[in-house]
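Student: Please arrange chain G on chain S, whose structure you already have, making use of the hints.
Those protein sequences? They're chains S and G, same order as listed.
Reminder that position 20 of the first sequence reads as 20 in my numbering, one-by-one numbering, no gaps.
Reminder that position 142 of the second sequence reads as 1142 in my numbering, one-by-one numbering, no gaps.
Some hints could be false.
[Said to hold, decoys possible] With a cut-off of at most 27 angstroms between alpha-carbon atoms, the simulated DSS-like pairs for lysine-lysine come out as follows:
(1) S/132 to G/1044
(2) S/136 to G/1313
(3) S/132 to G/1313
(4) G/1044 to S/136
Because the hints were derived from the structure by calculation, they are not lab data.
Below are the chains, spelled out letter by letter.
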Amino acid sequence: MAVEQAGPEVSDGILTRIATRTENLSEQAYAYLLLVPAFLVLLLFAFWPLASAIRMSFFADVITGGNLGGFVGVENYVRLLTNSNALAPAAFIDPSFQTPILEQALFMTILFAVLSVTGETLLGFLYAMLMKAEYKGRRLVRLLIILPWAIPIVIQGMIFFLLFRPGYGLLTEPLQQLGIFSSLPLNTTFDSFVIVTVADIWKTSAFMALLILAGLESVNQDLYEVADVMGASRWQRFRYITFPLVFPVLMVAMLFRTMGALRVYGIIESTSVGCSTVPSMTCLVTQLMFGSATLYGSAAAVSVLIAIVVGLFIMVYLLFIRQSNQSLGLA
Amino acid sequence: MSIDARNHDDAETFDGSGDDTGDDGENKSRVARWADDWIRNPEKAYAVMLVFLGGVLLTTSLFPLYWLFNVAMAPPGQPDIPLVPASIDLSVFVQVFRQVPFARFMFNSLFYAFTVTVFVLLVGSLAGYAFGRLEFRGKTPLLFSLLVLSFFPPATLFIPLFRAFNQQVPMLGLFTLPVEVYGTPAAVVTPLSAFTMPLAIFILTTFYGQIPDGLEDAARVEGTTRIGALFRVIMPLSAPGVATAGILTFITVYTEFFFSYLMTGNSAADWAPVVDGVLAFQTQYTVRYDLQAAASLIAIVPVAILVVIAQDKIISGLTQGALKE
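Extracted from the complex, chain S is given alone in its bound form (with noise of 0.2 angstroms):
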């Protein structure tokens, strides 16, 4: 490993210096100057911009040249909880419930995460098994399973807009017939909610499935030996070995995802349904910045509003795992 040629006094490059400048540093000032990079970058491009954004969301909105007005308090978020934004291209959420639920961006979003986080969870889990299973030819399996996670949004949407595109897709003339499609369907929500679902769960399955893999791998396999010893059914295997093994893992995947799901926005743009036919909670930021009119107070509020929907859902997530290892004896 190169140890020999590596004395402090050796050369005289720049590198060696600050090396040797470091070495008379105590572990607590020689931490903190290894962090000062990473830190500095996240100050700049993720502290910073989160606290301006909360802050500007308490400012007033400026129709024109991108500009904030004075300071108004809450009235940004009481407008968008109340519906009350006449600029609003769609609704954050309607206490009136006059607003059909997939038009609402909130409630739109959270339907959004919870179909396709437990489809992609299903699917995942049987993709993992498949690939954990041994046969010839695994490996190209496994490549084939993992492929979908490495392509890019951009072209995941291209894919889904070619399969359902009116008069040219594979899947649109069948699903009309069936009744389910309407004629024009990437302008349809409920078509393209459904469109925009199944494109998601077609991609983020296979994540799903690189990460439970990595927790069925690390089930200790002695314990399958001894259900075998003890004559347990394959069922009992799973039941009573893998699943509760695997669930810590399969918690925490499902959390990546439910982050993943609630912000979606890429593939909404990409299979061409756009913002106006699904309006996710993210669409809602872009539309109200980059709309006819710059509502950048508004749209720093929805930011702030989506970072809140996610933290509920992370602490539901959090609560969950604590009482299940609870019951499982683990914690």
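Tutor: Same frame as chain S, but now just chain G:
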């Protein structure tokens, strides 16, 4: 490791499969014989089920990609595309590059992914070393702040960053970025570095923390500097972890949509990534679906190669520790 579990199953069903040659009459249909065989010998049934399930799953996973190829092969403007292409004509793949500077779009995307990965691994390694191997005050709050940060959606970070890059709003209220930065790689690379950094730091922290102190001490006794020990001992020994963090970062950036789409212009010369390249076909050449599909297939190639090379590393890296946090 897990082969022996299956062998035990065979042992269990041994007594059943011993006498199944006796009463299999000629008059029984093939299906009935299969059924008999499977009941006596459940392993076979499982194998058949696995093959069947595998077939269905692989079809689900691959059909969309096959369809993309199919569309690429269809002649332009054909309304109903058959399930099997009438002819294979690979010249569309060349045409893609003539219609749109697609090579440049691809280069831009790969450049973004590569730069972010190298930067995040370098800076993340320093932080991962501090978090994984050193004791200092404020460690837990700092780690926790990273965790909280990774929960925030990109949309929340986006508005102020867009204003800072595009409208010269002062960052931290202190200084403004020069106008020229928008439309350079920096406008995409820096936010995406910040966005992918927390996960990379978590993965690297876990791996670096697992290296025994003795190995590092040995190198230090031999005269290696502290920083030298990180790059010469800790990083090579944590290769699976570094690879996992690197691949996850690379693929996240290459597949990313939000920043890549909104933080760039849409011309290739202005550093627009593949996102804009593919969408260029969608908006400008709406009748040429074959070109869109061909372009999409081309853009998948680099990541597909990466997955081919690195699939074992990804799986072993995730298994060994990335998920333990």
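Student: Could you run down the list of hints and mark each one as holding or not?
Tutor: Cross-check of the supplied hints:
With a CA separation close to 18 angstroms, the supplied pair residue 132 of chain S and residue 1044 of chain G stays within the 27 angstroms bound. Simply put, residue 136 of chain S and residue 1313 of chain G have alpha-carbon atoms about 20 angstroms apart, close enough for the 27 angstroms limit, and the pair holds. The hinted pair formed by residue 132 of chain S and residue 1313 of chain G meets the criterion: a straight-line CA distance of about 15 angstroms does not exceed 27 angstroms. A hinted pair counts as satisfied when its Cα atoms are at most 27 angstroms apart, and residue 1044 of chain G with residue 136 of chain S qualifies at roughly 16 angstroms.
When the structure is compared with the earlier hints, no violation turns up for any of them.
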